[in-house]
Amino acid sequence: MISLSTHIPIILIATPILVAALMILLRKQPGIQKVLSVAVSFVMLILSVILLSQVWSGGIQAYEVGEWGKYGIILVADLLSSGMVVLTSFVSFLSLIYSLDYIERKSLSASYYPLFSLLVAGLNGSFLTGDIFNLFVFFELLLLSSCGLVIANEQGGVTKSSDKMEATFKYLVLNMLSSIVMLIAVSSLYATTGTLNMADISVKLSAMSAAGTLPWYVFAIALMFVVVFGNKAAIFPLHYWLPDVHPTAPSPISAMLSGVLIKVGAYGMLRVFFLIFIDTLDIFKPVIMYLALATIVVGAISAVAQTDVKRLLAYSSVSQIGYVFLGISFGSIYGITAALVYLANHAVAKSMLFLTSGGIIHHAGTRDMRKMGGMVDSAPLMSLLFLVGAMSIAGMPPLGGFIAKLSLFDAGIGEQYYFAIGIALFFAIFTLFYMFRAMLLMFWGEKRDVEKYGEYSHHGTSLLMTLPIVVLALTVVAFGIYAEPLIALANATAHQILDPQPYIDAVLMRVVR
Amino acid sequence: MDSFTAITIAVFLPFVLAGILPAVAKLLKDKIGWYASATALLSLLMVAQVAPEIIHGETIQGTIEWLPSMGINLSFYADGLSIMFGFIVSGIGVIIMSYSNGYMSTKEDLPRYYQQLLFFMGSMLGMVFSANTIQLFIFWELTSITSFMLIGYWRNRPMSVYGATKSLLITASGGLFMLAGFLVLHAITGTFDIPTILHNESIREALQNHHLFIYALILIFIGAASKSAQGPFYIWLPNAMEAPTPVSAFLHSATMVKAGIYLIARIHPMFSGTEAWFILVSGVGIFTMLLAGFLAFRQTDIKGILAYSTISQLAYLMTMYGYTTHEEPGIGVAAATFHLLNHATFKACLFLVAGIVAHETATRDITKMGGLRKEMPITFIVATIGALSMAGIPPLNGFLSKEMFYEASVEMGHLLGGPYTILIPALAVLGGVFTFAYSIKLIDGIFLGKRPTKGLPEHIHDPSMVMLAPAIFLAGLIILFGLVPSIPVHNFIEPTVSGIILEEAHLHVKLWHGFTTSLMMTIATFILGILIYTQYDRIAEWQNRFNAMFPWISVNYYYDGAVNNAKDVTFKFSSRMQPGPVKNYVIAVLLLTLAMFAIPAMMLGTNLIPQNLNFDVPLYEALIFLFMIVAALGAALLPRYLPAIIALSGLGYLVALLFIYLQAPDLALTQVLVETLSTIIFLLALVKIPQKFKEHIPTTTLARDLIISVAVSVMIFILLINATQGIVAPFESLSYYFIEKSLALAGGHNIVNVIIVDFRGYDTLGEISVLCLAALGVYNLIHSRGEDE
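Going down the list, the protein sequences come from chains A and B. First residue of the first sequence: 1, per full-length UniProt numbering; consecutive thereafter. First residue of the second sequence: 1, per full-length UniProt numbering; consecutive thereafter.
Hints were generated in silico from the structure; no laboratory data involved. All values derive from a computational prediction rather than experimental measurement. Cβ atoms here follow ideal geometry from the backbone N, Cα and C, with glycine treated the same way. Just so you know, not all the hints are guaranteed correct.
Stated by the list, open to error - Straight line, CA to CA, 27 angstroms or less: simulated DSS-like cross-link-like pairs of lysine-lysine:
(1) B:K688 x A:K371
(2) A:K160 x B:K450
(3) B:K688 x A:K164
(4) A:K164 x B:K567
(5) A:K164 x B:K572
Claimed, not checked - Listed below are several chain B residues computed to face chain A (Cβ distance under 7 angstroms; list not exhaustive):
(6) S69
(7) G71
(8) E141
(9) N156
(10) S173
(11) V184
(12) T191
(13) A524
(14) T570
(15) L592
(16) T593
(17) I646
(18) Y737
(19) I739
(20) Y762
(21) D763
If we strip away everything but chain B, and leave its shape as in the complex, we get (with noise of 0.2 angstroms):
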């Protein structure tokens, strides 16, 4: 098999067999999740399978047509970044499936949630393998969609529905962002394949130099921070938690929000080495980093805890990514990349712990737990691999990766000169110093210290190996990683940085490097860790008052304003704009109407009224014209009915007689029985109602609506005059060949009725359809009161 149908196979699997799944699950019942266990696993065989490849310093791409009137097609490329996602989320994806085995009860609805699963999956693969940013951005937001029905996956619960609309709301809106920089992307490079753009220096300097530059990648960030809740977006991921366990921690810690991640570094050698970068990216991170491992101090849930780590470790990776000159673009993508593959391995590992906790004592609060070391040794031992390795004890992965972290920020810092010599070091320094003082915390808290009285089951145990296998399996890797760094090193990490920062790159990660000033740093977390770590639970009570004291230094705040107001304020505007009496609404047309008649007029009407009018009206005509004007005033302001509608049909008959005049006998006698036939419905209709007007009508609605009346009539007027004076030269009216044909051709001496049956009968049957539906109209009313009675 070629390493793209490997690719293609390694992305679809997931769906077709996640489609699939709800008719295997009738033969499976309850083993169904071993199923979803064995499609992840065949997805990490495909993505094992190209590796080798990848390694060796090859690059896959592969095309399948699919809207080639967009110019965008269905493209894979993988590239170590790709691929180490790849093994991340199908690697994670078998082992999360397995644990879930053990921790989600056979009661659960279990087709819909391992089928959903396997759709995040395969939307995250297709997500990472994507080689244009349309196909991205559907991967992406279908990864979003998926996160949304896993967090709501308890469906009736306040909580998780509340989680999902967040989650949902933050990432998918980002997602949207996202797309509008990657048109912009396209407006000024004219692609939508990613390759084509890092492969092509031109290309790429010539985006770094458009005054568009900027603007897509705001917007793109704006997409990826979303996803990996930095900066004002973070709030998402707490409230995600409602999710069931597994899922926290295959989706909200080790693959879908590092989604922001993986574009960040996709998109690095885009953008990285401006300034724009490094002020956008690292200082959200540093800002995030920061205020996300302080934020986590407050949080009594074990998951909660996580949570806040997860944003700040995410910030983290956003820091070292951003770390750019002009000179070096890729100052922390080696760091960076690293504790990226390390962060999945011991925050997944930490949240498998979690989930173990929780399903054993039934809580996830960590201020009711303590002095489990006994009755759960191996959990324990697990726990503290993972914590240890999270706060950067040698000689696991963490310490290795936090390492390089330091060392790119002095070298960063160094760069960059002035105070930030120390200032972005010391910064690294501080949030390497909460991240310690949470990790130990999760230890402390649960394992260490006295089991309290009461609020415990009585008997917890370590729970079946299908629970801890996974979480052990991790915690080897951990140690793995820290000891014999070459493995990920050569085979992750190299071709990934090659990758990005578009040149061979050959790293030399070691346990024991000298005293170096990255190894003081380290020990000065320890130091100003432990310290902190002894206040823990004051400065917990502080943020609380905090809090308490000013709820609104939050972004939740405003979220929940914005959300729950959201009804309100729009009804208040709704039900202005739609007040609901039918005048108003004429009022609009009527102004639209003015309105579209006043543009042209202004803009091109030199002369509104045409020069040449001829002024010579027969006495009897203008006779006529008067009585018609005092007819049409009196229908509009004669106080009674009866009077008014006498008003109304003599207009009439007065048109009835110009049409006389005018030559037109048909059309008067036509005129003749509309008007008598109306004035006595009018008539009839008048005995059931009241005889005079009797609303009052204040006089500044009088005058708005005289006013507006008389500018429509006046519209009305200065159109007609101007249409009337004739059809424009070297034109002739059609009038002429019915005058010459009439007869000839269709038999008839009266013109306008053969153009009523014969030239345009098409139009009279719509007509008699029109007036066969009136009389249906009417009969449906009549019959549907008949019904109410």
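So here's chain A without its partners, still in its complex pose (with noise of 0.2 angstroms):
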């Protein structure tokens, strides 16, 4: 019997990329889209929570796409991914609200909604394939919505589009190099083991390791994967791109990118290093453990030189992933778990403070912090949700920063990391400095004239902007005050991912034609 629950991977993947298609063709009626475009982010949103509760339950789902096993893609469905794409249709379905206001008409009508739908299509694809050239093409896709959507124009102007042309340059060279790296990696992983299918891979591999054929050079395709998917994290020295894409793009685009977009960089080291090179982890540790406290380092210290305010969220990014893959490079559950929960909590609270900036810069009609001051008066609610973004992320209580912090430091602590725990502490100071000071800033201080700075200043923010910044301040909230499910849920995905046999089985353990 065909129920429609079991097909839920796929219907996350091609519904999108139909209703893009759909909307290329409505292009026309901007009403329809709007519509059509919410309520399939909204069904997707549902339809993601079940797939993860299905995964909860019943334990990991594979699917085939057309019954051809491993020789064919199959999409997985493991805690890991399906908690991915709930992130993704959370934060994608607040966005897209907030981008009915905030996009410029005309943007938003010519082709937003359907290169939005893309960029969903392209993060769900990411995450549930179990394919790993299946991968590389759901990249190509995340790359070029994103280019797209880089480029759209929020109202009132306030980034020129000549800063757009040069930032989407640099992301296209710079990706489009790192995608070459996958390539040559891919393939040649192809031709050492002839398989595509990442478990059918990671078998393949352990089998050598225990016969002890496995070619040194595995190991240098493993570490390739390294710059691939850092270069989506944007960990140094691969982040370059990102400080000047996120503050130009317009704030519902940069709070997918920042919230969503370079997780997938995470996300990828995670599934391809615990997954396929489980031999390559002694040396993937020390190397990835080193980046990630170079990125906090780098992160930190230019967050804090910066007057723009999305340029400083965007520095806050590069840093606050390098905490993320500091957790990762325990390789521990423990530190895992710190990873996914630190991920979580900054996947909401930036995209959050990113919309939130969106709102400021609607209402100060810059983007140049120099220029604001005193608005606490004028945009009290924005102020006290840029205070609940801001806390978060420099890790104080009782948000979900914090417990993200905690959970970091007590995995790093417990497992003997004390230089990495050492850095990674003190510059959490750093974002504690950056962050308030943003604030201080804009909102206390001594009032500027607001009017004086670009036609949009009267604006004040309208509620659809509100409603998703406010959804995602209770979110952080309930990560700090109620944590209990989050860090349930990253606790039983750390084991997941460093007990692979269950998603092997999953995958490989099935009739083929």
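Take each chain as given, in its own frame, and dock them per the hints.
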């Protein structure tokens, strides 16, 4: 019997592609596009939650696209991938609602909705695929759709088109480069193991390792994936595109990019290294730890220097993703649990901050914090929301960021990575500093003449813009005050990541025609 | 109601009632302060309900499940120490919030003010009753944040913002170190639960012998010192005086700044009895006590004097809690605990007076005041009681605890022996001398002497009872505790001390206890104090001159330097890191890729090139390769675009040719199509741009680029030549499956086609979407360009 609930993985990917195609045809009807995309996004959110609960209670789901078993492409929903899909659906649903009032009318009706849909398809596809070449395909989808969205215009035109072009150019060049690296790595892997299915590769590499025939260059191939995923996640020294791209993108897109897209890199590392290249973990862990620490340091120091609020948030993302990778580099249950909690909190808090910054920019008519000041009186709600986000990123209790830092530091100290934790701790103070300095610059201090800066300065934030931020803020608070579900989920996910056998069984133990 | 519930209510009630406060404020308008006072009173009653059990020597503990996955629960623990703090916090809370009704103008944003005060009170109560370190930290940081909000209450004043930022940076960062300390403690003891460690001797012993002991101690102490403004961290407290005066009285003298002291008392049983404890806690304490007491002379702002005095008094407490030896871990505990309670009474009282004076005279500058005793007689009496208690004059409570301080100092000096027998009591007396001097200055400067002819309002009078009554109440407590010390000692000090030294404590505190050494020290303090006071202004002047001459001998100098230069320094760093042109970033990516290849190659790569390579290449293939190399070099070296593009497309066609030789005609066909199309697009674009490379590239850059390119090429060559040695046995390619099933199951003769449309048709869906996206992107570009023009 065919039941809808068994097809959720493919629905989550195919629907947005289909909807995108439909909306290109409907591009003269912005009203229908608007309703359709919000409705679909909402349905996807519900479906993704259903998928996660199915995986939670029923174990890992493998979905064959075309009944070819490992010879075709298999989608796999385990806790990690379905959790990431929920995160994607949640942030994208809220960003989409926010976009309705934020994005300039013409950009909105031209191609915004289809591009957004394809971005979601790319994200879901990357998370759910069990095939490494398919991952490459969806990375391309991610790259191109995000490029298209970065150049969409927001109302008021705070960002110059030429800036957007330059940023997009850098984004494209650097990501194409990493795509080439990925292609070389994937094809070398295929040439060595004869398969593209990740579970199958894993089995074959383990067998080689057991038989002593594991060639040395498999280690080189593995580490090339550090470049590939590191580039997506913007870890040092692959982060250079991010501080240009995230600020120039319109705020809801910045929220998507910083909130979800860079997490694809973290997801990829977890998936590829802990499923496929288990034998290389001893080299991978120290490498990624030093890269993570460098990322924390560079991102945090650079963030202090920024006067553009969105650029500050972008550098903060660089620094924060370093913390996620630090947790991954511990490679233990606690480390990975911490990394996942950190990742979830950053996804929500940072997308919230970017959306809030959109509201602030809308209000002040500029991105330059030096031109703002004393806005707590004219925009009290934005001020409060920014404070919640800033506190969470800075790791202040009782918000989600605190739980994240707590679990990360606890894991690190428990496993005796004192040096790493020392660095992480010291730069947590930088985080506190730049976040609160930004807040004080914008909201406290002497009042500036807001009217002077741009014609949109009198604009408040509409309900459609405020609501998503409030929902995200409540989530951040919930992550802190009642963190148990999140931690339990992260913990179960970490167990699943560190024990790949059920994943392999789910994928390979099936009848092939 | 059982005791655990009472404590839980005491902690959370302020949060809940503060949450609905803005709504209530719409009803009560200007009277909202009384709502806040009532809330504080409720908390006080809850604490009071628990008190009898604690006085009988019991402790209370209870747990609500919160984060079982991390082993962290919401749990409260009440012993003498927490109950005493509970009384101080909620009791002074009631006093301050009532007082605020008179102090705060109705034009102020009252709901925000009271809401934050209540949030603070709840956090502080939560902290002192916390039974586990993580929960303690959470409430600890909440007090930092609410303090930040309250210091910055006047959000538009630059000095408020400065003070708020400073306090947050120092106390919240210190808190992070403390958290690290707690986590180290967790790593050592395996628990976050404080009572478990307190009541288990084997855990405490293991802790003291652990090699991480000293790190845990230092980290936690940094947290305590930053919160209680000790050592170099003292600098935030004077700037915190930008807060409304009731806030200063509540947070920055009576309660929040004592959080560090609370923490030291709380961890006393775990860490004391070691040399490290004495050196760190007492050492920093004595240093701060003297420095802050001395620096108080320079202050002209009455709140400034009180701030430095608070720092110095907190340092007394640190010093006393730090007195320890292995045999006798808690020498100064009783003295410290009693002084802690007394300080809360007299310092809060003095702050309330400062608020009254500032409210009535519209200035806080002590040099502009004088002779106010006639106009404000009641205020004068209250202030005198507070200041004399601080100075240690009998029969007030400050005298009693200072005597105990001297006694403990003598004992500590005696136990250490050698020069310390004299040194420690002498330093203690010196601290007392400074305290005496500035206490007298407060009374003398404000109330005695002559009234200045100008600068003060004409009519100055005692304030309304709303403001006066709380101060009078505190003055009453000062006298009561002084005359009948058994009340506080029996009810608060003994249970607290037993909780800290972990054995039954019986104290005998009397006003008159004979001609002891400590009484001699007190008398010496008075004499020296009076002598110093005669030189008060000269010392202050000297300090000012010194400060002007050596501005770099001050912690503030470095704090301001760090914060003000932060932007410039980091800006230099970030612009160096992010130079702009994309080429640098490409190099970074390539270098990392090389490193990622080099690490395993050097660690594991015994032979980078496979041994049995097949060099049997037919001549025509070798020729094609030769041409390819020539074409590639041409593309890189030719100075004009047109020939370079032709060379590039030549390379592409040669690859197509190679595909034909390798029996992949469809690939070759695709390659030819792609190559043709891209050449045409290139040529079309060429029409619009200059025909020559204009920019001059320096030789060094060229060499660098060349080295990187060659290295990358070599890397890819080595990787691919290894990878193409075939699938590692015993595994085989998927192709066999495709060959076998292609026709049978998918109905296609051409395997590549079947793979594309069937076996891996899903990939194709993705690729089609990518193509569609590229088209959309171009459409968008053209679209938006059209708009611009």
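Here is how each hint holds up against the structure:
no., hint, in the structure
1, B:K688 x A:K371, "violated, 41 angstroms"
2, A:K160 x B:K450, "violated, 67 angstroms"
3, B:K688 x A:K164, "holds, 22 angstroms"
4, A:K164 x B:K567, "holds, 26 angstroms"
5, A:K164 x B:K572, "holds, 24 angstroms"
6, S69, "holds, 5 angstroms"
7, G71, "violated, 10 angstroms"
8, E141, "holds, 5 angstroms"
9, N156, "holds, 5 angstroms"
10, S173, "holds, 4 angstroms"
11, V184, "holds, 6 angstroms"
12, T191, "violated, 12 angstroms"
13, A524, "violated, 44 angstroms"
14, T570, "holds, 4 angstroms"
15, L592, "holds, 6 angstroms"
16, T593, "holds, 5 angstroms"
17, I646, "violated, 23 angstroms"
18, Y737, "holds, 5 angstroms"
19, I739, "violated, 11 angstroms"
20, Y762, "holds, 4 angstroms"
21, D763, "holds, 5 angstroms"
Going through the hint list in order, the structure does not satisfy hints 1, 2, 7, 12, 13, 17, 19.
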